[in-house]
Amino acid sequence: AQKVTQAQTEISVVEKEDVTLDCVYETRDTTYYLFWYKQPPSGELVFLIRRNSFDEQNEISGRYSWNFQKSTSSFNFTITASQVVDSAVYFCALSKRQTGANNLFFGTGTRLTVIP
Amino acid sequence: EPEVTQTPSHQVTQMGQEVILRCVPISNHLYFYWYRQILGQKVEFLVSFYNNEISEKSEIFDDQFSVERPDGSNFTLKIRSTKLEDSAMYFCASSEGRGFTYGYTFGSGTRLTVV
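Chains as they are written, first to last, in my numbering: chain U, 283 to 398; chain P, 361 to 475.
Hints were generated in silico from the structure; no laboratory data involved.
Do not take every clue at face value.
[Said to hold, decoys possible] Below 30 Å or equal to it, Euclidean Cα-Cα: the simulated BS3-like pairs (lysine-lysine) are:
no., chain 1, residue 1, chain 2, residue 2
1, U, 320, U, 378
2, U, 352, U, 378
3, P, 438, U, 298
4, U, 320, P, 417
5, P, 443, U, 298
6, U, 298, U, 320
7, U, 285, U, 352
8, P, 438, U, 352
9, P, 438, P, 402
10, P, 402, P, 443
11, P, 438, U, 320
12, U, 352, P, 443
13, U, 378, U, 285
14, P, 417, U, 285
15, P, 417, U, 378
16, U, 378, P, 438
17, P, 443, U, 285
18, P, 417, P, 443
19, P, 402, U, 352
20, U, 285, P, 438
21, U, 285, U, 320
22, P, 417, U, 298
23, U, 320, U, 352
24, P, 438, P, 417
25, P, 417, P, 402
26, U, 298, P, 402
[To be verified] Some chain P residues close to chain U (C-beta under 8 Å, calculated; not the full set):
no., residue
27, 403
28, 423
29, 425
Ideal Cβ placement from N, Cα and C applies to all residues, glycine included.
This is chain U alone, in the form it adopts within the complex:
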């Protein structure tokens, strides 16, 4: 069974602070994929990153960075120098590898509020 845990329900930071959103996952599969999505107040789901289980390299994209550690089953997301536009709900999700279509298992999300 797949499970994604985002223990932080809500986080508030002051603009320009760094913030890390935690994601812990459970799966019995040896091959799997991890995702982060952003849901701004307008409601849509915006894709941020996909990472497969064989690639433990950390990734940086502008102010965003991701730390994938299989040893702790974590895929944490850090926003550096946060901005008000970063205010959103962030979802971590897991997809297993199998034949046919595959679906995403989402965590419960972390609501980030960046205070100006």
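Following the hints, complete the assembly by docking chain P onto the known chain U.
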């Protein structure tokens, strides 16, 4: 950039009525999905569709739900007899190939309110 289009953006319906939520996936995508998000909760998988048939469905996707790809462009979710607890945001998604490889593109959602 290609996008997944969902209509309507908001629908209000009376309990017991049938609703059809519509989606136009990205044209060269082969896999289609519906997800649901009850207000303030996580996004939950409903069903995936590939090669004109359901590939996988969750426990939520019971007999009152059905999906259809009536033509080459639309992908619909029908709820036969809506209940109050069906009130949620419904997201359509598509992927070019298997989602874990190609990624999933989500639409902006349809907010369904059952009164």
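Query raised in the report: Does residue 403 of chain P meet its interface restraint, that is, does its C-beta lie within less than 8 Å of any C-beta in chain U?
Result: Residue 403 of chain P check passes; min Cβ-Cβ to chain U is 4 Å, inside 8 Å.
Query raised in the report: Taking only the CA atoms, is the gap from residue 417 of chain P to residue 402 of chain P under or equal to 30 Å?
Result: holds, 17 Å
Query raised in the report: Regarding the pair residue 378 of chain U and residue 438 of chain P, is the alpha-carbon distance no greater than 30 Å?
Result: Distance of about 27 Å is within 30 Å: holds.
Query raised in the report: Straight-line Cα separation of residue 443 of chain P and residue 285 of chain U no greater than 30 Å?
Result: Since the Cα atoms of residue 443 of chain P and residue 285 of chain U sit roughly 28 Å apart, the hinted pair holds (cutoff 30 Å).
Query raised in the report: Are the Cα atoms of residue 417 of chain P and residue 298 of chain U separated by 30 Å or less?
Result: violated, 43 Å
Query raised in the report: Does residue 352 of chain U lie within 30 Å of residue 438 of chain P when you go C-alpha to C-alpha?
Result: violated, 40 Å
Query raised in the report: CA of residue 352 of chain U to CA of residue 443 of chain P, is that 30 Å or under?
Result: violated, 42 Å
Query raised in the report: If you draw a straight line from the CA of residue 417 of chain P to the CA of residue 443 of chain P, is it 30 Å or shorter?
Result: holds, 20 Å
Query raised in the report: Between residue 320 of chain U and residue 417 of chain P, is the straight-line Cα distance small enough, at 30 Å or below?
Result: Answer holds: residue 320 of chain U to residue 417 of chain P is near 24 Å, not above 30 Å.
Query - Straight-line alpha-carbon gap residue 320 of chain U to residue 352 of chain U, limit 30 Å - result: holds, 23 Å
Query raised in the report: Holds or violated: is the Cβ of residue 423 of chain P closer than 8 Å to a Cβ in chain U?
Result: violated, 20 Å
Query raised in the report: Would the pair residue 285 of chain U and residue 438 of chain P pass a check requiring their Cα atoms to be no farther apart than 30 Å?
Result: holds, 28 Å
Of the hints listed earlier, those the structure fails to meet are numbers 3, 5, 8, 12, 22, 28, 29, in rising order.
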